Amino acid sequence: MLAGGRSTRVAGAAARRVLGKIGGGLFVLWAVATAIFFGIRMIPGDPAEAIMGGPGSQASAEALAQARADYGLDAPLYVQYFSQLWRLATGDLGTSYSLKTPVAEVLGELVPPTLVLAVLALLVAWALALVVAVLSTRSGALGSALASGLEIVSAAVPHFWLASVLIMLFATALGWLPPVSTNAPAGLVLPVATLALPLAGFLGQVMRDTLETAHRSPFALSARARGESETGVLLRHSLRHAALPGIALSGWAFGSLLSGAVVVESIFARPGLGRSLLSAVSARDIPMVTGVALLSAGAYVVIMAFSDLAERLADPRMAAA
Amino acid sequence: MTAAAPLLRVENLDVAFGETPVVLDVSFTVKPGECLALVGESGSGKSVTARSLMGLTGPGSTVRANALEVAGVDARGLSQRAWRSIRGKRVGFILQDALTSLDPLRKIGKEIDDALRLHGSGSGAARAARVIELLEAVGLDDPVRRAGQRSGELSGGMRQRALIASAIALDPALVIADEPTTALDATIAAQVMDLLGTLRAAGSGMLLISHDLAAVANLADSIAVMQGGRIVESGPAERILGDPQHPYTRALLAAVPAGKPRFAPLSPASTRASAPLPDTPQESQAQAGSRPVLRAESLSKGFAVPGGPDFAAVKDVGFELHAGRTLGVVGESGSGKTTTARMALGLLAPDAGTVELFGEPWSQVPEAARRTRRSALGAIYQDPLSSFDPRLSAGALLADALSFGATRNPRKHAAKISELLALVDLEEDLAGRNPATLSGGQRQRLAIARALAPNPRVLICDEPVSALDVSIQAQVLDLLDDLQQRLGLSYLFISHDLSVIRHMSDEVLVMQGGKIVESGPTEAVFTAPAHPYTRTLLAASPGLVPGR
Chain L
41 MLAGGRSTRV AGAAARRVLG KIGGGLFVLW AVATAIFFGI RMIPGDPAEA
91 IMGGPGSQAS AEALAQARAD YGLDAPLYVQ YFSQLWRLAT GDLGTSYSLK
141 TPVAEVLGEL VPPTLVLAVL ALLVAWALAL VVAVLSTRSG ALGSALASGL
191 EIVSAAVPHF WLASVLIMLF ATALGWLPPV STNAPAGLVL PVATLALPLA
241 GFLGQVMRDT LETAHRSPFA LSARARGESE TGVLLRHSLR HAALPGIALS
291 GWAFGSLLSG AVVVESIFAR PGLGRSLLSA VSARDIPMVT GVALLSAGAY
341 VVIMAFSDLA ERLADPRMAA A
Chain C
753 MTAAAPLLRV ENLDVAFGET PVVLDVSFTV KPGECLALVG ESGSGKSVTA
803 RSLMGLTGPG STVRANALEV AGVDARGLSQ RAWRSIRGKR VGFILQDALT
853 SLDPLRKIGK EIDDALRLHG SGSGAARAAR VIELLEAVGL DDPVRRAGQR
903 SGELSGGMRQ RALIASAIAL DPALVIADEP TTALDATIAA QVMDLLGTLR
953 AAGSGMLLIS HDLAAVANLA DSIAVMQGGR IVESGPAERI LGDPQHPYTR
1003 ALLAAVPAGK PRFAPLSPAS TRASAPLPDT PQESQAQAGS RPVLRAESLS
1053 KGFAVPGGPD FAAVKDVGFE LHAGRTLGVV GESGSGKTTT ARMALGLLAP
1103 DAGTVELFGE PWSQVPEAAR RTRRSALGAI YQDPLSSFDP RLSAGALLAD
1153 ALSFGATRNP RKHAAKISEL LALVDLEEDL AGRNPATLSG GQRQRLAIAR
1203 ALAPNPRVLI CDEPVSALDV SIQAQVLDLL DDLQQRLGLS YLFISHDLSV
1253 IRHMSDEVLV MQGGKIVESG PTEAVFTAPA HPYTRTLLAA SPGLVPGR
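Sequence lines, in order, name chains L and C. Using this note's numbering, read the first sequence as starting at 41 and increasing by one per residue. Using this note's numbering, read the second sequence as starting at 753 and increasing by one per residue.
For the record, the hints were derived by calculation from the structure and aren't laboratory data. These figures come from a predicted structure and were not determined experimentally. Glycine included, each C-beta is placed from N, C-alpha and C at the ideal position. Errors might be hidden in some of the hints.
Listing some non-contacts, in silico: residues in chain C with all C-beta distances to chain L over 10 Å [stated by the list, open to error]:
1) E763
2) G785
3) R982
4) P999
5) R1043
6) G1054
7) A1120
8) G1265
Covered stretches of chain C, as calculated for chain L (at least 3 residues, CB under 8 Å) [unchecked claim]:
9) 851–863
10) 1196–1210
Modelling step: build the complete structure from the supplied sequences, incorporating the hints.
Next up, the structure:
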């Protein structure tokens, strides 16, 4: 009886947490939709012109008025706001002004290439960070200082600069890799490297620090006193500790990868969410911008929930708390 | 190898980190079934000596010895592979602080199993059975469930037992225990020492390391006292405890508060005349024992527990602290001592009951009404460093306290700061240092100076010496005694250490499970304890009697 009461209460707490997460996610989506709705109206220019093909289209005043009426742009702002919220809530993302196709369809085509880019970059960043962390614990104070310097520099490098340098080096000078991203594996190397290197710097700093602390800790000494080898200490103890802050940061990292994709996809002329967001903003394609922003926000909420869950799985102390 | 051959033979051991020698010319032997205690304060080189016997002194260290025989193996110049075959199998190593000595992410069953697996002992099923057997042998209840728990889910005593289980998994001939009972409550510490005694009786050789002579007195056959990397005195335990020759050994013995009457100095440094200062308010001495300065009546406090009933931390606790007196509160972890202190400080609102300060309502008035009177009440804690803002120098901390948070510029209160530092026997030039660079004893002195800055009448001392070596503890206790006599302070003194409480208190409260089980004048309570729990505490409190 007692045990049953306790497990119901624990289940209740878990359910509250899940409901809280869903509520928080919906709040974020609403906030993003609202910020986009009002933010995009601060960009100078007339959305009706964008519908008629941009400022260069020289559409007649009648045609513009017709477009405004068609898209409901002549209604008062609050009416537009609530009708847009209602449309979004019912899952209707609208039709792109510039492409004249449903936004949901366009997004469906754009998500896979960006997802491939972001996931690969995250994996490469993790691998790089771990390799540097492990090597630096093995090479003493000098190696540790060297690794720390390397991480700070790579974490500080901006994407656009890194992309240009990589293109100049590996595409223009050496000719090893294409400067324009294609679907072939070779075409992915430079964009992924551009996104992964700065992230590896960030992840590396926290992971190496934790790894070194764990490696020096009393429980590592106890393990050695039991006859554990250095490799055994690393594999069974220290690496797990080092992974914890990496997991915690990965949710945030995924968000930063999405924003990095805007720059990287533009530079490498790679189709994807980032590049489309950029062109949609400059074309004042309000439904597209809203769609991309909501999708990114939604992805961020989901990723954060997963990284929270992964953290709880990896660290039993959090699950108990 | 004959039975009399030593398990451990160390001759002229030198250990250095880079150019800095930390262990010099150390020699000793341990025979099977024998227990040698290495005793000395932090930094005396005793832990490094222990680690050199496991080949674990770490990078940058050099170990030299004329002889270094560990469990029958010449350990000089052993390869890492050869060391690994000794560690855990022939020598078991029990580190201090079991909280951090077991991997918090792993189940303790796994940690114990590692020792068996690494030395190729049996199949998975056989090892799992052995793990349960070991947990049972070290006295853990419900060993099957314990094996699946992690160190964070266990109490301090259980962790220490689990750690011992992992160290003795392969029946090592030699057990090295580095401060095995530090940070444990007295009754738990006594149980752990009994467990180590059983191991020794079963024929294991034992090297026991401690800063506290009282902690090893029961178990050690012989004692070696270390100071500054050297053994300054060694011999049979009876001789060292009964007839110490070296002044440092005598100082260590004098530092043990057990059996020392109230106000008897514990450290040789305390030579100061304890005369009241001329500016001490007369009433605090004249009226000593008349009107309570701090009075609590039927305090209760509960805390919500997720997924369970509320936990009643304090139940119906009442006390009176009189001017110029010390009220000791003794009890084990979780007995409600700190919760009581926080309610007395007005930092935690009681669920029921009241606290009065100088006869006026304290706990039941809003913070705004308390703030002007806060300066009368000071507090010091176990870990002073975490109560200091890490960006502030010692002087800035004192300026902050002196100005009630108005300024952190030490120059504005220079005269008062040097007065405070002198009061707690700290050098004046320490004012410019960051507390992180100070020693444990210096940090606690600084904490006391900061608590004294607003000129309080009452100090609440929550485990103020529990993290300190016995010799440093002696100095801090002497300082508190001295300040009480000179400034007429009243102390609410909280400790889990019965001998500290007995030495420091005029009256005492014994707490268990949130309740006061016994109270009264200190000597009356401890010479004729009425409650069984008080008798348990007394029995577990180590004294300086060899072989109890």
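Structure-based check of each hint:
no. : hint      : result
1   : E763      : 23 Å, holds
2   : G785      : 22 Å, holds
3   : R982      : 25 Å, holds
4   : P999      : 33 Å, holds
5   : R1043     : 46 Å, holds
6   : G1054     : 17 Å, holds
7   : A1120     : 34 Å, holds
8   : G1265     : 20 Å, holds
9   : 851–863   : holds (count 8)
10  : 1196–1210 : violated (count 0)
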